[in-house]
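J.: Listed here are the chains, written in short residue letters.
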Amino acid sequence: MRLEIGKPRGGRAGLCALLLLGTMAAADAADLAELSLEELLASEVHSASRYRQKTIDAPAAVSTVTADDIRQFGYRSLADILNGLRGLYTTYDRNYKYLGARGFSTPGDYNSRLLLLVDGVRYNDNVYDQAAIGSDFNIDVALIERVEFVSGPGSSVYGPNAFFGVINVITKQGSDLPGWRVAGGLSSDRGASARLSHGGKNAYGSEWLFSLSRQSRSGNDLYFPEFETPANNNGWARGRDADRYTTLFAKLRHQEWTLTATHGNSDKNVPTAAYAQIFNDPGSKTVDTRSNVNLEYAGQIDEHLALTARAYTGRSQYIGDYIYGPAPTTANRDEATGQWWGGELQLLTTRFAGHKLVVGGDFRRDTRIDQKNFDRGGTVYLDSRRKGTVFGLYAQDEYALHPDLTLNFGLRYDHHSASGGTVNPRAGIIYRLQPETALKLLHGSAYRPPNGYELDYITNTPGGSKPGPALKAETTRTTELVLEHAPGASQRWLWTLFHNDVRNLIVTSLDPADGLSFFENIDGARTIGSEIEWERRWLNGIRLKTSASWQRVEDKQTGKTVLNSPRGLFKMQLSGPLMAGWRYGLETLATSSRQSLKGQAPGYLIANLNLRSPAVLPGLHLSLGVNNLFDQKYFDPAGSEHVQSRLQQDGRIFRIGAEVDF
Amino acid sequence: MRHRLAKFLACLLLCLGEAATAHAATLGEAEAKAAFIYNFVQFTNWPAGLLSSATAINVCLRPDAAVGLALASLSGKQVHGVPLVVSALREEAVATCHVVFVEASDGAWMRKLAAMSPPLPLLTIADLPDPGAAAPMITLTLVGRKIAFDVDASQARRAGLTISSRVLQLARSVK
Chain A
1 MRLEIGKPRG GRAGLCALLL LGTMAAADAA DLAELSLEEL LASEVHSASR YRQKTIDAPA
61 AVSTVTADDI RQFGYRSLAD ILNGLRGLYT TYDRNYKYLG ARGFSTPGDY NSRLLLLVDG
121 VRYNDNVYDQ AAIGSDFNID VALIERVEFV SGPGSSVYGP NAFFGVINVI TKQGSDLPGW
181 RVAGGLSSDR GASARLSHGG KNAYGSEWLF SLSRQSRSGN DLYFPEFETP ANNNGWARGR
241 DADRYTTLFA KLRHQEWTLT ATHGNSDKNV PTAAYAQIFN DPGSKTVDTR SNVNLEYAGQ
301 IDEHLALTAR AYTGRSQYIG DYIYGPAPTT ANRDEATGQW WGGELQLLTT RFAGHKLVVG
361 GDFRRDTRID QKNFDRGGTV YLDSRRKGTV FGLYAQDEYA LHPDLTLNFG LRYDHHSASG
421 GTVNPRAGII YRLQPETALK LLHGSAYRPP NGYELDYITN TPGGSKPGPA LKAETTRTTE
481 LVLEHAPGAS QRWLWTLFHN DVRNLIVTSL DPADGLSFFE NIDGARTIGS EIEWERRWLN
541 GIRLKTSASW QRVEDKQTGK TVLNSPRGLF KMQLSGPLMA GWRYGLETLA TSSRQSLKGQ
601 APGYLIANLN LRSPAVLPGL HLSLGVNNLF DQKYFDPAGS EHVQSRLQQD GRIFRIGAEV
661 DF
Chain B
1001 MRHRLAKFLA CLLLCLGEAA TAHAATLGEA EAKAAFIYNF VQFTNWPAGL LSSATAINVC
1061 LRPDAAVGLA LASLSGKQVH GVPLVVSALR EEAVATCHVV FVEASDGAWM RKLAAMSPPL
1121 PLLTIADLPD PGAAAPMITL TLVGRKIAFD VDASQARRAG LTISSRVLQL ARSVK
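Residue numbers (the numbering used here), protein chains in the order written: chain A, 1 to 662; chain B, 1001 to 1175.
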C-alpha cells in the first residue's frame, strides 16, 4: 500500500472560466457631467490619494491593486491579482496555487509563509496555515475593493505566518455595488461562470451586499510525456483537469458595525497522478470548503482614540481522494478539518503629540485541528486530533521626531500552546528627503510556528512518515532600504534593497534507513534582492505600472539557489482608452528559470489582453479577453510529489463576459 | 449545493425584494473633484467678450494631478456654448487658460498666480488649503468622507469673474 507522504491537498484556481466583468466604475464621463453641486456635496468619496499619501509614510513597501485594475485586466482569482505585483510569482501544479515572495516558494509549502487577511481577519486555516489564493479562496474577486501586499516581515503587528509578507484583501461595501447585478462569462477551456449580487444602502446608514458565484471549467486534455506508455493512455489525461467552485458572500454594515460571512466550496480534479497515483483516473480529486464569519466594530471613542474590535469564527475542510493501482484500484482518502474562533482588540491613539500609538491583543482558540488518512472501506493510517490556543499582545508607535523624520517601533509577543512563546520586534526610520520623496530603513523579524500538518501527519507505514525531532518555529530577519518618490498623484517610483535571513526552516527529509520521511528544522536560507517599480498615469487616460525584481536565495548549507526561486521577475500592466469608450488592459509577466527537484522550468514571458466596453446598452457592459496571447508554452516547477520535473501551464485561452446592472 | 443556492436565492428575494433601492454609489475622490470643477465652470461668468472669442474653455492643470484623468473624461462637453478642453499647465501659456486647478502639494503655483498683476481672468481652484500659500478663488476640502468648498468671491471679482449665487449658497464659507 503506498500511503504517500506529503500532504495531498487540493483546490485550484484562477484559470477557471470565471470571467468576471467587474462592475462599471461609479462614474462614467456622462454621469460626472450630470452630477449637481447638491449631489456632489452629499456624496461620500473614497480617497485614493489619501491612501497613496499613506503608502509613502508606511513603514514598508506596499503594492496595491484596485477594483478598477481587477476589471481592467480581467483578473479571475486572487492568484492572478497577486501574480501581477512587484516581486511576487505564482506556481500552479494543476491542483493548488502557490505564491512566491522574495524568491521563496518552496515546493510543498501551502503558502504558510504569507498571512492572508480579509478586512483585517486572518484567513489562513489552522491545519496547514494555508493562505488560499486559487479557486479555494472563498471570495469572488469581483467583490474585492482593493488588495494590498505589504512585503517583508509583519509579525510585530500580525503575529504568526506574516513571514515574507501580508496580503490584505479589502472587500466592497453595499454602496459599491448598488442594486441587482448579473454577470456571466464563457471561456475556451470549456469554462463558464455566473454571478448574482445585490447591494444597497438605506437612509439610516445601513449597507448590505450579497453575492453568489459559480465557476466551472472542464479544462482541456493534458499531455504528460513522463506517462507516455499505452497503459497510461499514451500520456494523455483526458477530461481530468476540471475545476468547479461556488462562493457565497454576505456583508451587513450598520454604522460602526460590520458583519461579514464568506463561504466557498471548490472541487478540483487532479490530472498529474501526484503522490504516485495511477494516471488518468477520474476519481483523483480534492475538495476544499472554507467558511468564515466575522463581526467588526470600528469606532472613534473620542477625537484621539479609535477602537477596532473583531470576533470571528472559521472552518476549513479538505478532502482528497487518491487512487492507487493496480486494478482493482484502492481509493485512499486524506482529510483535514480545522475549526477556530477568536477575537481581537486594537486601540489607536494620537493623544500624545507627535505619536501615533497602536496597542492590541488577540486570541484564537483552535477547537479542531483534525487529520485523517484511510483507505475507503479499509485500513486507517492516521487519525489525529488536536486543539490549541494562540494569543498575542503588541504595541506599535509612530513617532514624528521632526516634520521630515518619523520613527516606527513595534513589538509583539505571541504564545502558541503547541510551540511556546516568541517575541518579534520591528523598527523603521522614514525620512522625507523632499515632500514627495521618502527614504525608509526598516528592520524586523517574523516567525512561522510548525503547523498541525507538520506536527501530526505521521502514518508510520512503508513509504509514509514518522515522527522527527521536536520542531521549532521558523524565523526570519529582514533589513530593507526603500526609496519612494511620488511627484504628484499620477506618478510613483519605488526602489528597494533587502536582505533576509531565514533560520530553522522546516523541511521534509527522508531517512534512508527505513524510507520514512519526517519534518525537521534545517539551517535555512539567506536572500539578497532588489526591486524597482514605476507607475504613471497620463492625462489621455493611459496608465502604466511596471516593475523588475532581482533576488538570490541561497541555501545556507549547500550555498546553492533554493528550488523554485527565479533570479529575475518582470511585470508590466498597461491600460488605456480605445475607440468608442472601450478600454484595453495589457499585462506582461516574465519569470526567469527556476530549479525543480528533478530538473528546471525555463524562463518565460507571457502576455494577457483584456478589453472592456462602456455601457453598450443601459447597464450592460462587455469584456473580451485572451490569456497567454501568444500561446507560449511555459512550465512551473513540480514538487517532490510528482513524477514530472515540471508542469506545463495553460496555452492561449479566449474569454468573453457580460454584466448587467438593474 | 443546489439546496443551499436555492435557500440563498429565496432569502435574497424575501429580504430584499422591496427594500432594495439603489442609493448613490460613492465616488472616487478624483472623480468627485472633477465633477465639482465642471460645475464651477458652468456657474462662473467670464468678462464679456472673453468667451465669445474663445474656441474652447481651457482648464489647465499639472499633467500629474490626480483629478486629471477624471477631468479629461469631461473634455469635449459644451459649457457656455464652447467645448471644455483640458491641457497641461505651463508658465508661458498661462494666459491661454480660463481655469487653473492646482493641487495642495503645489502651493508654489498658487503663489505665482497670486503675484500676477493685474490679475488674469482666471478661475483658480485648489484642493486642500495650504496655509502658507495664497488662497485660490475656490478651495475644495475633504471633510470626513465628503467634499466641501470655500469661495473667495472678492478675489474672483477683482479678476473680473462672477461666480453664481448658486455656488455661493452651497459654499461652506464665502469671503
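Everything labelled a hint here was simulated from the structure, so no lab data went into it.
Think of the CB as a built atom: it goes at the ideal place given N, C-alpha and C, for glycine as much as any other residue.
You may find that some hints are simply not true.
To be verified - Estimated spans, in silico, between C-beta atoms of each pair: (1) B:Ala1148 with A:Trp538: 27 to 35 Å; (2) A:Phe654 with B:Lys1112: 29 to 37 Å; (3) A:Trp538 with B:Pro1083: 38 to 46 Å; (4) A:Asn540 with B:Ala1115: 46 to 54 Å.
Stated by the list, open to error - Examples of chain A residues toward chain B, derived with CB under 10 Å: (5) Ala33; (6) Ser43; (7) Glu226.
Claimed, not checked - If you only want the chain A side, here are some residues facing chain B, beta carbon under 7 Å, derived: (8) Leu32; (9) Leu35; (10) Leu40; (11) Glu44; (12) Arg351; (13) Gly541; (14) Ile542; (15) Thr546.
J.: Determine which of the earlier numbered hints do not hold for this structure and return their numbers in increasing order.
T.: Hints 2, 3, 4, 7, 12, 14 and 15 contradicted; others consistent.
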